[in-house]
Every structure is written in C-alpha cells, then in structure tokens.
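Asker: Sequence:
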Amino acid sequence: MRQKTQQWELLPEDRGEAPKVGQSGEAGRAAKGEERSGVGREDLMELVVERENCLRALKRVRQNKGSPGVDGMTVEELPEYLRAHWSAIREQLIEGSYQPASVRRV
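The opening position of the sequence shown corresponds to residue 3 in our numbering, with each subsequent residue numbered one higher.
Some clues are possibly wrong.
Claimed, not checked - Under the rule of at most 16 Å between Cα atoms (straight-line distance), these lysine to aspartate or glutamate pairs were calculated in the EDC-like manner: (1) Lys61 to Glu78; (2) Lys67 to Glu79; (3) Lys61 to Glu79; (4) Lys61 to Glu82; (5) Lys67 to Glu78.
It is worth saying that the hints were derived from the structure and are not from the lab.
Please model the complete structure; the sequences and the hints are all you need to start from.
Answerer: Here it is, written out as structure tokens:
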C-alpha cells in the first residue's frame, strides 16, 4: 500500500519564531542603567540578598543537583563556605563591587 505524501509550503512567519510584538521598553531602560519607578537599584539588591531568598536559591540548586563550578566547590560544601564569607560577599553585592569567578561552560 502506497502512502500519500503531503507537502507544506512554509511561509516566513511559520519558521518557529515568536511573533514580533512591540517591546515594553523595560529592557532598553535596564540596559541604559535607568531604574523602574518604585524600586531603586540598591533596594533591589537588598531584596536579592535577603536570607529567605538566598535559602530558596540554595534549595533549588540542591534540588537541581547542581554540579561544582570552576572552583570545584560542591553544593554540600557551599553552606559552610557561605557561613564563613557571607557578610563580605553580601557587602560587595550591595556596593556593586563583587566580581564573580569564571563560569564553567557546558
């Protein structure tokens, strides 16, 4: 038995790309360093480094079975390291002077 084949004509908008829509403008403002109304840059970083937020982030890394970075530190070693160094890291994050280490490519 012979199968019928059907050919589809692909139109430019059928390439699997998301439809083009107008941008909100927030990405452009963020790239220029402009702040959104309501939350300043310092206030936002304060929210990022809050204890509860950091604990949720660590929990997600554990759930995802995060692998060691370029420094070789495992997820199990991270809490002890953070207990010893968190105050300095937090201060650098808030000041904007924190320089992260290289990221391992996958």
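Asker: Indicate, hint by hint, whether the structure satisfies it.
Answerer: A quick look at each hint next to the structure:
no.	hint	in the structure
1	Lys61 to Glu78	holds (11 Å)
2	Lys67 to Glu79	holds (13 Å)
3	Lys61 to Glu79	holds (14 Å)
4	Lys61 to Glu82	holds (14 Å)
5	Lys67 to Glu78	holds (10 Å)
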